[in-house]
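Enquirer: Be aware that the sequence shown starts at 1, since it is given in our numbering, and climbs by one per residue.
Hints may be right or wrong, so weigh each one.
Claimed, not checked - Calculated lysine-lysine pairs in the DSSO-like style (CA-CA distance at most 27 Å, straight line):
| # | residue 1 | residue 2 |
| --- | --- | --- |
| 1 | Lys232 | Lys253 |
| 2 | Lys239 | Lys124 |
| 3 | Lys135 | Lys106 |
Hints were generated in silico from the structure; no laboratory data involved.
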Amino acid sequence: MRIGIDALPLLGRAGIGNHQRSLLRALLMVAPRNQYDLVLRSFNSDLVLKSFLKFPQVFFHRLPFPNRVLELFWTKHRWPLPTTGRFFDSLDVYFATGLVVPVLKKPIVSVIYDLIPLKFEEYKNERPMFLSRIKRIIRHSSYIVTSSQSTKNDLGQIGDIASERIIPIPLAADPRFYSWEDRRKVEAVLQRYSLGDQKYILYVGNMGPHKNVTTLVEVFCSLKNRQRIPHKLVLCGQKKWGGKVLERIQNLKIQEDIMVLDYVPD
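Starting from the given sequences, assemble the full structure and let the hints guide the process.
Expert: Right, here's the structure in full:
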């Protein structure tokens, strides 16, 4: 079987990028006889290639179009791409990983992690575009993979889609995080971030409004004031959407007890 995969999310360093890389590695182990064609954009960095170059089943196809042009062809006008028809016709199935579904005659499997822009007012400006993408995925996908039963239930309320076409596959921890026995490496990381023997409460994830990190900050402040806990709060993840969180930390005047580390490598 020849499987095309939208490789754009593979460039991400955080959750979705990690999921896509782990999924592809798992596919290579459980179904090594398939051919996997990673579909890259014209602007993609070749860094995405390095970790998969050693696999003879993995091939790379670069589309000469940026994402906005792909959406213009596929979403706005519902046209197939020029110059790449032969490649797409050679696939047996296409795995759409980034909410952009191509115009194909072949089966499409899409992944939808959640419907956050439809649930939170903070994302209302993104809602029309997001909803149109979701509805198009529902129309054109043979199957949709979700990361939870909750998202499957939500999708069933948006469009006319048979339940058996939505397959929830729960996420799992990477084996690297099962245990860590080299205490020297642990201590080196703690020293790097000035934690040492400090007790701390750790949050990992971005600080967008849907993560509710402001409530975490407020509860932590309450614990410091009422229980006098010795811990620091360590916020580990991208903070570019965390303006309200950073503002709340300043207003509570507990900056010295909260460490905002931004992105931290695995």
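Enquirer: Now tell me, hint by hint, if it's right for this structure.
Expert: Verification of the supplied hints:
1. With a C-alpha separation of about 14 Å, the suggested pairing of Lys232 with Lys253 holds against the 27 Å cut-off.
2. With a C-alpha separation of about 20 Å, the suggested pairing of Lys239 with Lys124 holds against the 27 Å cut-off.
3. Distance check on the hinted pair: Lys135 and Lys106 sit about 19 Å apart at the alpha-carbon level, within 27 Å; holds.
The structure agrees with every numbered hint stated previously.
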